[in-house]
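J.: So the chains spell out like this:
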Amino acid sequence: MSDKMHDEAYYKSLGFMCGLEIHQRLATAEKLFCSCSAILDELPPRHDVIRHQRAVAGELGEIDRSAKFEELKDRSFMYKLNDVHACLVDIDEEPPHTINRDALEIALQLAASMEMKVPAELEPMRKEVVDGSNPSAFQRSTLVGLNGRISVNGNGIDVPSMFLEEESAGIIKNAESYAEYDTSRIGIPLIEIDTFPYIRTPKEAKSVALHIGTLLRLTGLVQRGIGSIRQDVNVSIKGGSRIEIKGLQELADMDKYIENEVVRQQKLLEIAKLLKSRNAEVSESQIDLTEIFASTESKLILSSLKSGGSVFGFKLKNFNGAIGMEVNPGRRLGSEISDYAKMAGVKGIIHSDEDMGKYSINESELAEIRKRLSLSDGDSFIMVAAKADIAEKALRLAMERAKMAMEIIPPETRAVDNRELYTTRFMRPLPGGSRMYPETDIKPIYVSDEMLVSAQERRISVEEERSKLKSEFGSEDMAERMMLSTELPLYREITKNASIDKQFVANILLQKFRELQRDGVDVESIGNERIKQIFEMFSEGAVAKQAVEQLLRLAAKEPKAAITEIIKANALGRITGKKLEEMVSKELKGKDLSDRNALPLFIKSFMSEHRLNVDGSELNGIIARLSKSSKK
Amino acid sequence: MYGKKITEFLKSNGIEFGDIIKVEAEGISEEGELMPSTEANSEEIIILKMKNGYNAGLRFDGAKITKIRKGVPVHEFPHSKITQKSSLPKVTLIYTGGTIGSKLDYKTGGVYMLLKPEELLYEVPELANVAELKVDPLFSISSEDMSYLEWQKIAKQVYEAEKEGSRGVVVTIGTDTMHYASAALSFMLNGINIPVVLTGAQRSSDRGSSDAFMNLFCSVVLAARSEIKGVGICMHKTSSDDECGFIRGTRARKMHTSRRNAFRPINEGYIATVSYSGEINYLSKDAEHAKHDKKSKEPMVGFEKNVALVKAYPNSDPGIIDYYVAKGYKGIIIEGTGLGHTPVSTQHENYSWLPNIKKAVDKGVIVGMTSQCLYGRVNPNVYRNLRLLSGAGVIYCEDMTPETAYVKLAWLLGNYDAITAKKMLNSNLTGEINSRSDYEDFLV
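Those sequence lines, one after another, are chains W and H. Letter by letter, the first sequence follows residues 935 to 1566 in this note's numbering. Letter by letter, the second sequence follows residues 26 to 469 in this note's numbering.
If you're looking for bench data, these hints aren't it; they were derived computationally from the structure. There's no promise every hint is true.
Unchecked claim - Calculated cross-link-like contacts (lysine to aspartate or glutamate; reagent style DMTMM-like; alpha-carbon spacing at most 20 Å):
#	chain 1	residue 1	chain 2	residue 2
1	W	K1051	H	E49
2	W	K1377	H	E69
3	H	K76	W	D1128
4	W	K1051	H	E56
5	H	K76	W	E1126
6	H	K76	W	D1092
7	W	K1377	H	E64
8	H	K76	W	E955
9	W	K1051	H	E51
Using the sequences and the hints given, assemble the complete structure.
T.: Pasting the structure below:
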């Protein structure tokens, strides 16, 4: 049985379910619902706006669980505003304008590319968000495509839905009762592509993400760079729960995060089984333990007491050892409980499966804690040190999580915790389905036949692109590398000129760029336009093949200089035709070429002197011609 | 709204909004909840709320629609379990409509008002610590559809609330014409001895970012705790959710179509501010602090509907004056240019307003002059043209906004004879005119 098959069979036996949500920013000139620039420059903020948000009953009446949870955190939000990047629409002070037509066209193009069905009328919705990342407390999102299908490595993957939505604000600071956001990127058009949860293995998840990423890049109409694409993964196993891992930016490690999530759910299920068998219980009552620490040496507790804090704790009957059980590398059940408590604004919890020496809590203090909480041998405790109201809230959340440990794995949205260990931490409960209601400020969009026909004409196929690249390079490996490269759209633009040496272009974009970067050359600063120009001049014969690299180096150093100027200033123009012939015959004059090594030696020395200006094959041709005529 | 074809189909197949149906159309086959259609939707589109919460509009023509099951009955609005404290000051909340205090019911498309205190407290639970609330739903009218008949009802209701022991009254009202209403209530309730706080929302209260929550909270604080007597508007002072400003009812004006801090005081500062934590800060020297021990005067709710507000502008047709005179109007407020001009000494005779105004005044119509500058005071003496107008009998309305002058004239004519009304138009009744122009009162 091959590894792959083994993998598949193994994950099937676990009841593995996995689906992806891919978010990609579009490279339109303007934002989705206003005329602010959608291109991000780092301009300093000039205004601050403070807002409070609260969960409100949605379209179907109930307040969304996740929204309610954020409200519990009772925070205020500050929005930093730069007038170039954000206007009144972005800070919820003006109704949205009509939808950006360019963004809609890209969305329809993608829908066509994934063989999706498009509803006759698109209905913009509000997706409730109360973490502050939208000043309006909702994100505008429109379903554009349904029932799509892509083929990844020969396997059909269902893509049930695609949405066109607004980017949220970027978080600057996230403190206890307050968060700060940058409003510049709010409202940049964003595409969300969802797959069904039928991805069979963590590795397949990665392939699907790569495939969709390639499709998006092939449009040439998506933003590049950090944060412009984000992958969310949904994972569950039998008996477990759906967990959404948010914001994976590095595709290369996606499978490892998924593998870890599977392990985490397995371990949590084991813990639940254990606790059930022990008849474990979580006490509902919080006990004030502050007095115990009147003369403590624990710095952590002392600093909290000094700023008016208290110490509260609660009992976990028959939990002994369970809180300290590892669920993922470097993470225990205690870490999961701690994540919940942190939502109230505490830095963490202290639990009895930890070494109390770590906190400088001494034996007698420990004995006193156990006494006050009436702990027996098999019992555990959790405590926090913070201001009374915060501590109370934190313990309430910790209790809630500890209780769940005996029963279920809570459905959660999780964020990356440790990039080296590929672990995640709790962010918030998984949002339910009730957080959508119609965006009444925007007219529904009627999709005309013309729009659909135009989208079909712009259809993109990843498979077609792959086989085209294979035939262009004659190398499967190189084609694959180009497929994964962010330079693919640039490659396509450069090679619109059919006569250009495609392998040479690909080598520069894939190999040479990386080498240059390693040499400390800032390739990004060359700019696509100038890169295109360099290749154009090469293709027209204005510069020699060997000069291309040098030109790129110089262009990176001088981000503002025109390529023609760089060529002139550095004498990088190609010497060709008659001029080259004259040069060669002048240097050959009087030379004894009788030795069979003489000509190759001459070519070598000539090239070492003129390599940047002369094309080797042209030189060979000239010399062959000259020596023929001289023999005559 | 669904077109005739769809409506008939739904009816004959016993399908109602909220029912779970299956729609197969143009390669799409989806199960979901049937949603109502609004006037923004195309008539031939079926709107389906899918399992993922999104709505999709599917073409009805050629679609196969089957009813899967009956929908769950319309949702009841959640109620708060908070109990009211009778030890707190009694505040009556009068609902008149607008975005504040109402919910859109997406199943029926209708507006659902939060009529019970427990519904309101569910939304703004912090109110329970400020006042013992009585909610008084009067009507539900968009502010642009409101007329003086509603203002009269509100004034009477406020007076009743005070008689029944309310320490203050909050009136929630649509924002578009709130400054007309606040002016009208200021005159009608001139002599009221409690705070009457008008408030509204620029963002509807079904979004988490709505300004309604803070506006309502600060308004209830003012009604329950402030020493202010009389009518004013309490809304966001800045774009931030940090404090509200209280503006005298006759001095307020909506100065922005959509911002939270759209309401500004004109030719006066704020009377007071209220922070989101409930602190009141009195800003105006002449804020009318009052001990709430006197009995309020009964409201005077007369209102003459035959009063017009007319704008003068380059190329404007003065025939508009004749039109109103012919219709039997008793008063006209002109929103003039600059210090209070209309075209007078025009090169082209037809454009001069002077003869028309003269004719109107001669017929006994009261003509008042205000300025479209909004800020500053009109003055009848600086230019010859002004003197001509003033000589024609136009009353210069000092530093009143055009809207306040209009409401005042209509109210005066509804309660007094024309001679008295004319006399009272440019003398101060309830803070609408100030004989001094403070340096700081521009663009506040």
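J.: Each hint needs a verdict: does it hold in this structure or not?
T.: Hints and how they fare:
Taking the CA atoms of K1051/W and E49/H, the gap is near 12 Å; set against the 20 Å cutoff, the hint holds. Distance hint between K1377/W and E69/H is fulfilled; the C-alpha atoms sit about 15 Å from each other, no more than 20 Å. The straight-line distance between the Cα atoms of K76/H and D1128/W is roughly 14 Å, inside the 20 Å bound, and the hint therefore holds. Simply put, K1051/W and E56/H have alpha-carbon atoms about 15 Å apart, close enough for the 20 Å limit, and the pair holds.
Distance check on the hinted pair: K76/H and E1126/W sit about 17 Å apart at the alpha-carbon level, within 20 Å; holds. For the proposed pair K76/H and D1092/W, the alpha carbon gap of about 17 Å is at most 20 Å, so the pair holds. A C-alpha spacing of about 9 Å is found between K1377/W and E64/H, which places the hinted pair at or below 20 Å, so the restraint holds. A distance of roughly 17 Å separates the Cα atoms of K76/H and E955/W; the hinted pair therefore holds under the 20 Å criterion.
For the suggested pair K1051/W and E51/H, the alpha carbons sit about 8 Å apart, so the restraint of at most 20 Å is met.
Comparing the model with each earlier hint shows no violations; every hint is respected.
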